[in-house]
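S.K.: Sequence:
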Amino acid sequence: MKFPNWEFNVREISNNYYRASGLRNSGNIVSCDGTEYEEIISKCLKMAEEIELQISEKLNEKQ
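Throughout the sequence shown, residue numbering follows the numbering used here, covering 1 to 63 in sequence.
Heads up, some of the hints might be wrong.
[Stated by the list, open to error] Quick list of in silico lysine-lysine cross-link-like pairs, DSS-like style, CA-CA up to 30 angstroms: (1) K46 with K62; (2) K43 with K2; (3) K58 with K43; (4) K46 with K2; (5) K58 with K46; (6) K58 with K2; (7) K2 with K62.
[Said to hold, decoys possible] If you anchor each label on the Cβ, the simulated ranges turn out as follows: (8) V10 with S56: 33 to 41 angstroms; (9) Q63 with G27: 17 to 25 angstroms; (10) D33 with Q63: 36 to 44 angstroms; (11) N15 with E57: 38 to 46 angstroms.
Derived from the structure by calculation, the hints contain no laboratory data. The beta-carbon is built from N, C-alpha and C at its ideal position, and this holds for glycine as well.
Model the full assembly from the supplied sequences, consistent with the hints where possible.
M.R.: This is the structure:
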């Protein structure tokens with residue numbers, strides 16, 4: 001899934017401890033911390049995907 005409405009960032013906040021975060025243009029925020037770089041990115045993207053699905057479902061309900 002692509003995330004055109006999101007901006008993601010990953011930072012090392014301590015030695016070998018990372019924080020991945022995402023901000024949607026509507027203000028939704030996702031964030032994950034941990035020592036497994038790829039794992040926290042994957043979790044963050046999964047949370048963003050869940051938000052996108054919820055938004056899509058809400059928009060479809062209104063139509």
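S.K.: Confirm or reject each hint.
M.R.: Hint check results:
Taking the CA atoms of K46 and K62, the gap is about 25 angstroms. The hint holds against a cut of 30 angstroms. With a C-alpha separation of about 15 angstroms, the suggested pairing of K43 with K2 holds against the 30 angstroms cut-off. In summary, the hint linking K58 to K43 is supported, as the alpha carbons are separated by about 23 angstroms, within the 30 angstroms threshold. Between the alpha carbons of K46 and K2 the distance comes to roughly 11 angstroms, so the proposed pair stays at or under 30 angstroms and holds.
For the hint pairing K58 with K46, the CA-to-CA distance comes to about 19 angstroms; that is within 30 angstroms, so the pair holds. Between K58 and K2 the alpha-carbon distance is near 19 angstroms, which keeps this suggested pair within the 30 angstroms criterion. For the proposed pair K2 and K62, the alpha carbon gap of about 24 angstroms is at most 30 angstroms, so the pair holds. For V10 and S56, the Cβ-Cβ distance of about 26 angstroms falls outside the hinted range of 33 to 41 angstroms, so the restraint is violated.
Checked against the given bound of 17 to 25 angstroms, the beta carbons of Q63 and G27, roughly 23 angstroms apart, stay inside it. At roughly 38 angstroms, the beta carbons of D33 and Q63 sit within the given window of 36 to 44 angstroms. In this structure the supplied range 38 to 46 angstroms holds for N15 paired with E57, their Cβ-Cβ distance being about 41 angstroms.
In summary, the structure is inconsistent with hint 8 from the numbered list given earlier, while agreeing with all the others.
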